[in-house]
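Student: What follows is the residue order along each chain.
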Amino acid sequence: MKSVFSTLIPLLLALSTSAGEIKLPVSYTILNNGLRLIVVPDTNVAVVSCRLYYFVGSMYESAGFTGLSHMYEHMMFKGTKKLGTANYAAEVPLMAAIDSLDRLLYLHTQAAEGADDSISRAYRKQASALLDKQRKYIKKDEIWELYQNSGATHLNAWTADDMTAYIVTLPKNRVELFYWIESDRMRNPVLREFTSERDVVMEERRMRYDNRPLGRYWERLNALFYTADPYRNPTIGWAPDIRAFTRAKLQQHINRYYTPDNALVVLVGNIDSLRARKDVERYFGAIPRASRPKEEVVTREPVPIGETRFTVYDDAAPRIDMLFHTPGYPSDILYKMDVIEGIFSGRSGRLYRRLVDKERLCTGIDASSNPRLNDSYFLISAELNNNADPAKVERIIREEIAGAASAPPTAIEMRRVTNEIRMAFVTDLKSLEGLSDRLAWFERLESWKDILAYQERIANIKPEEIPAAVKLYLDPVRMTIGILLQPLLKQ
Amino acid sequence: MKFSYVFPAMDEFSLSGGLRVICMPDHEQSAFMVALQLPVGRFSDPPGREGICELTAGLISKGTESFTADEFAERLESAGATLFSDAGEENCVLGMRMLASSARSLVPLFIEMISRPRFAKEEFVRLQREMITGLRAETVDPSFLATRHFYAELAGGGHPAGKFQTVRSLKNITLADVKEFFGNFFSPEGALCVAAGDYDRVKLKEFIAEQFSLWKHPLRKKAVIAYRIPHDRQAVAVRLVNKPDITQASLAIGHASPGEKCPEKNALLLANHIFGGGNFSSRLMTRIRTAEGRTYGVSSQLLAETDFGAFLISTSTQNSRLGEVLAGVIEEYRRFCAQGVTAGELEKAKQYAIGNMAFQLEGIGNVVDKLLWLRFYGRQNSYIERFEEMIASIDSTAVNNAIRTYLSPENLIIVAVGKKAEILSQLNPFGDIKNYHFRDKL
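The listed protein sequences correspond, in order, to chains X and G. At position 318 of the first sequence (counting the first as 1) the number is 299 in the numbering used here, and the numbers step up by one without a gap. At position 254 of the second sequence (counting the first as 1) the number is 244 in the numbering used here, and the numbers step up by one without a gap.
Since the hints were derived computationally from the structure, they do not count as laboratory data. The structure displayed is predicted, hence computed values, not measured ones.
For lysine-lysine, the following DSBU-like pairs were computed, each having C-alpha atoms within a straight-line distance of at most 35 Å:
{"id": "1", "chain 1": "X", "residue 1": "452", "chain 2": "X", "residue 2": "339"}
{"id": "2", "chain 1": "G", "residue 1": "340", "chain 2": "X", "residue 2": "411"}
{"id": "3", "chain 1": "X", "residue 1": "62", "chain 2": "G", "residue 2": "338"}
{"id": "4", "chain 1": "G", "residue 1": "338", "chain 2": "X", "residue 2": "153"}
{"id": "5", "chain 1": "X", "residue 1": "106", "chain 2": "G", "residue 2": "409"}
{"id": "6", "chain 1": "G", "residue 1": "338", "chain 2": "X", "residue 2": "120"}
{"id": "7", "chain 1": "G", "residue 1": "340", "chain 2": "X", "residue 2": "121"}
{"id": "8", "chain 1": "G", "residue 1": "338", "chain 2": "X", "residue 2": "259"}
{"id": "9", "chain 1": "X", "residue 1": "63", "chain 2": "G", "residue 2": "338"}
{"id": "10", "chain 1": "X", "residue 1": "339", "chain 2": "G", "residue 2": "169"}
{"id": "11", "chain 1": "X", "residue 1": "339", "chain 2": "G", "residue 2": "161"}
{"id": "12", "chain 1": "X", "residue 1": "153", "chain 2": "X", "residue 2": "121"}
{"id": "13", "chain 1": "G", "residue 1": "431", "chain 2": "X", "residue 2": "339"}
{"id": "14", "chain 1": "G", "residue 1": "360", "chain 2": "G", "residue 2": "255"}
What follows is a set of in silico ranges between Cβ atoms, one per label pair, in the way DEER data are often shown:
{"id": "15", "chain 1": "X", "residue 1": "255", "chain 2": "G", "residue 2": "179", "range": "52 to 60 Å"}
{"id": "16", "chain 1": "G", "residue 1": "166", "chain 2": "X", "residue 2": "205", "range": "41 to 49 Å"}
{"id": "17", "chain 1": "X", "residue 1": "441", "chain 2": "G", "residue 2": "432", "range": "51 to 59 Å"}
{"id": "18", "chain 1": "G", "residue 1": "179", "chain 2": "X", "residue 2": "415", "range": "34 to 42 Å"}
{"id": "19", "chain 1": "X", "residue 1": "311", "chain 2": "G", "residue 2": "310", "range": "47 to 55 Å"}
{"id": "20", "chain 1": "X", "residue 1": "383", "chain 2": "G", "residue 2": "297", "range": "53 to 61 Å"}
{"id": "21", "chain 1": "G", "residue 1": "225", "chain 2": "X", "residue 2": "114", "range": "41 to 49 Å"}
{"id": "22", "chain 1": "X", "residue 1": "205", "chain 2": "G", "residue 2": "400", "range": "46 to 54 Å"}
{"id": "23", "chain 1": "X", "residue 1": "396", "chain 2": "G", "residue 2": "432", "range": "46 to 54 Å"}
{"id": "24", "chain 1": "X", "residue 1": "347", "chain 2": "G", "residue 2": "269", "range": "25 to 33 Å"}
{"id": "25", "chain 1": "X", "residue 1": "267", "chain 2": "G", "residue 2": "76", "range": "48 to 56 Å"}
Chain X is nowhere near these chain G residues, computed Cβ spacing over 12 Å in every case:
{"id": "26", "residue": "38"}
{"id": "27", "residue": "191"}
{"id": "28", "residue": "399"}
Glycine included, C-beta positions come from ideal geometry on N, C-alpha and C.
This is chain G alone, in the form it adopts within the complex:
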C-alpha cells in the first residue's frame, strides 16, 4: 500500500493573545468549521471537583453575555449550525460546524461564546443534573465498571488517571468553581484554532485573524500533564466487582505503559495491532473468539496521553466461562511477550497502519482533527506526510525490543465484573482477590 498525503495549502500563524491559528481553505463542500483546542482536560480537575472541565466545556455553549441559551441555540439552529465539544484527559476541543455562507455571521458568535460565556445559573444546574443522570446510567454498565476499577487499581487516588467524576464530585461543583476554572484555563495562550472550509484563502486568513484577535485572556494556571506510572508492581492485583444481575462478565486486564511521547510508540502500536488491536486478525480474536467462540469481542489497546499510558485488554464472556477465558488471554499474552512478532505479522500490521492513516484523513473534519492532534504533541505536518517512511523503517527487532521493554505478562491488574457466586471460584487461581460491589464508590 502506498501512502502519499500532502496537507492542503494552509496558513499558520500566532496572534498577540497567544493563540495559534491554522487556516485551511477547502472547496469540496459548501461547509465551514472552526475547532478550538485548549490544553486543559480532565486531569486538571481539582480533587473533589472531578468533572469540572467537562462541565465547563459544556456550559460554555449555553449562551453568551449578549444571548441567553435559548437565543444562542436559536441563532445557530436557524442557520443549520451545530456545536461540538469534547473534554479529553489533557485537552479539550470546542467547535462549530456551519454552512460556509453562514461563517461571517456565526464565527463572531463562536468567539463571543468562548470569550464571554453567560454561565447562567439555570443552565449550570441543568447541565450538572444531566451529567449526574448520565453518570448514574454509565456506572451500571459492566465494561465501564471494569475499566474504571482497572484505572483505580493502576493509578490510585494520587494520580490524575485514578480520579473519576462521581455523583458526589459533580454535586460538589458550584457555578463559582466553574467560573474560576474557566478563568484559570480557558485562554488563547497555548490554544490552537483550526478554521477550514469553503472560503477564499486570503480572505479566510484576514477574517479569522481579525475575529480571534478580539479574544484576549491571560492563562492563570498551568494544566496538568500526568506523569507516567512505571510498570513495576510487586504482585498481581485481582479485583472482583460483584454485579449479581448479569449473566455475562466483563474483564479488564493490563498494566501501565508509556505515553504518546515515547520514541517507540509506533513500534508498540504495531505490536498491539498484532496482539489484540487488529480486529479479527489479532491473536486474541483468533483464539478467544474464532477458535473458541467464547466472546463477541476481545481487544487490547494502548491508551496514551503525553507521558501517561496504559495497556488494556478488554473482553466479556458468560459468567460460567470467565476462568477459561481469562486463562486463555493471559496464556496468549505470555506467548506474545516471550516470542514477539513474526516478520509476516509485522508486514500486515504496517500495511494496516498505513492504510488506516489514509482513512483517518478522509474529509475535512478528519484533517482538522489530525492537525489538532499533531500540534498538541508538537508535531509538524511532515509527521503525517512521511508516515509511510516512518512505519516502513520499523523492523521486527525494533518491535520485539519495544515489547520486551514495555509489555509484560507479570504483575497484571485483573478486574472481573460479574456475578460473584459464579465467578469467585474461577478467579481464585489468579491471585488474592479484592472484593467490591458495583455500587461501591471509587
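Here chain X stands alone, though its shape is the one from the complex:
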C-alpha cells in the first residue's frame, strides 16, 4: 500500500526575532500527486485562512498569450461542472456556439480595424441571445454564495508574475467547504460567461494602465528593463492579446498549470494539522498530475551592455526610477541587497538625507530590493519637487551609489537596518493572511523554511561585504532609468 504522504514533516519551529518571539508550529506535507500542504495551527483565533496557490503567473505566458493567468483569476467564481449550473450538459453546445460567433466577431473586427459596424453588432446580438439562453442554466454566483453563507471573509484572488492565489478566511468549522470547492475547481473548472468577463478585463486594463499616467509609464518601463525575460509582460496582459483570448486558449493554460503538482495549500488558524492533512488528501488526493511535467522558464535576462533611458512627459508627479538587475532567488546577494535597501531608504537613509533634507530636490525617495524566481531587481525611486532639475537628482543618486560602493556602512546604519527588518518581520507575521503569504512566497522561491533563517542571514552580513555588492549590482552604466516629467517642463 502506498504511503498517503510522500513527505511528512511536522515541525515546531521557533522563528526568533529575538529569543522565542514568534513560534511557528509548521506542518509540511507533499501528497503523492505533488500537491504541497502547509498547516500552521493558531488556537487564539476562531477562523482559518485558507489559501490555494498555483505556481503560475505571467512569467509563463508567451507572446500572444499574455494575461491568461490573470484572466483565469477573473473566472474563479464562474463555477465547475457541478457548481454554478443546473444542467452542464445543456450549456456545452451553447458555449460552443458562442465561441464560434466570438471567433467570427474577432476576425471581422480585426479586418474592420475595430469599427463597431452592423456586422459586428449582429454577431454580438446573436452571441448575447445565446448567452441569455445559457444563463437559464447558470446558478449565478453559487461558489460565492456557498462561501458567503458559511461566513467567509477575505474571499479574493490575486495574480503575480510567479504565482497566483485563491484566498478565503473561514470559520474553523467550515474549512471543509474550502477543500470541496477548490478541489472541484481544480478538477472541473467551467469557463462560463467568458466573453463578458474578457470585456471586464479590458475595462480593468483601461483603468489601471491605459487611463493612468503612472500605470502606463510603469508598464513601458518594465518592458524596457527586461529585454528577454518574460517578466517584461504585464500581469494583466497586452491589450491585443486580451482581445484575442478564447475559451479554448484559457482551458489549455489551465490544463497545463492549474494542477496539484503545481499547487500549494496553506492553512493558518484554528485547525488541527493531522486532521487537515487527512482532509486535504481525501479531497485533492485523487486529482491527477498534469499530463506532462511543467516546463520551467529557461530564458534569463542577458547582462545589459549599456544604459537604457526612457523619458516620458505626462500628467503625473515628476519622478525618476532607476532599475538594476539582481540575481534570481536563492542567492546570498539578495540578503545583501536587503541591507543596501535599508541603508538607502527611510527618513534616516542616505538618499532621503541628501535629496530631501539637504538638497531639497525631492519630496520622497525610496529604494527596494525585489526578489524574484529568475531575475530579481533593485529599484531606486525619487519623487521630484516640481522645480527640481532631474539631471541633478540623477547625478546625486549616482554619487550616493558610488559612496556606498567605496566604503562600508557604519555600525549605526547596520543596527538601524537590522532593527527595521526585525520590526517589519514581526508586523508582517501578525496576521494569518500575512503569514500565509510569506510562507507561500518562500516555498515558491525555494523552501518555506527559508523564512526561519532570514533574520539570521541578515544579522550575519558584515558591513565590509556591502561595497562589493553595490559595485557589482548597482552599476549605473548598466541600469535602466525612467524619467517622468510633466508636459509643462517639456520645453
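Assemble the complex: chain X is given as a structure, and chain G must be docked to it using the hints.
Tutor: Only chain G this time, still in chain X's reference frame:
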C-alpha cells in the same frame, strides 16, 4: 456564523489633563503600540487654509524641542519603530509602533512629539511642498475628480464637506497658522490614547499614566462636527468634467444620507451591502459587471461622519458606453428603492456583516482601531460584543423602512469625468449639464 468576541482585559481611566486612556496588554507578539485620537479633523480647517489639519498632524512627527527631525527619525528608526498619522474628517490619529523592548525609551519620545513638536521652518516647507506635489498628482485621477465634484455639488462651499484642500489653500498656510491650529486643537482634553502590547498589565497602566500625565494643554477651540445635509434637492444635478485624454470615463452618482449616529445606520449598511457594497454578489456588480461586462468595478458606499453622510455609487467604463452604464445603474437603483430587499438577501448580508466584524478584530492593531472608533462615537465595548445580537434583530421590514426613509433615486447628483466629445450626447438625457474642465478650481 456565530460571532463571539470579548475584548481583552483592559484598564480605562482619565488623567487630570482630560486625556482618556485605555491600556490593553497583549502578549501574542513582542510588539507595542500607542495610538492617540484627537477629536479634530479636516472639517475644522479654516476657510482658505484647507489642508492645515493634515499638515499639522504630519509636521508633528518632524522633530521635537529636544531633537531635530533627523535626530528624531534616527532615534525611532534605529529602534525599528514607525510612526503613523491619519487626518480624517472629524478626528485624527497619531501613533507609534515599536518592539515591546523599546517601549520604555520610545513612549516618552512620543509624548514629547505630541506636546512639544519642533515645528521647524524647513520641515514645514518640505511637507507643504510634498502635499502640493501629491495633490497635483491626485487631481488628474478621474475617480478622484468625480468624487470631488460630487461633494462640491452635494455640499457646496458653505458646508465643510464641500471644501477641499487645493494648491492655493496649501500655499496660503503659514507656519504661524500651523502653530495656531496646533495650539487650538491638539490638547489632551477630549482626546483618547490606546496603549497596547507585550507589557505587564499593572506596569503598563502605571507607565502610561505616569508618562501621559506630563502632557497638559488646554483645548482652546471646539472642533467642527459637520451637520447633516437633507436629501431634498429640487432637481437632478449633472456635472460633466472634461478630461480629453482618457478612454475610460469615471462616474460618481449619489445623494446625501445620514451620519454614524443615525439609529438606522446598521439597517442602511445591510441595505447598501445588498445593493452595491457586497462586492461580487451585489446587485450592481451582478448586472453591470457580471452580466454586461461593462466595468471592472461598480460599488456603492455609505460615507458617514457623526451627523453628515453621503450615499455614493462609483464606477468607470469606456467613454462610448457611459450612457448605457449610467442608465443601468439608475434603473437598478430605482428597482432597489421600489422593491426593497428580500429575506434571503438580508440573511446573507447579515452573515457577511457578522463575519466581517470578526475579521476587523484580528490582530492587536485592528482591535486598537476599533476601540478608537467606538469611543469617538461614545460607544462601549458591548457594542461589538453584542454585535451579532444587534444585527440579528434587524429584519427586512426595518431595512426596507430605512431604504424608504433615507435612499431615493430621485434628484440624484451625477458626475461624469471623461472625454467630452464622446460623453456629452450620452449624458444629455439625464438632465441639464454643468460643464467643467478637469483643471477647473473647485
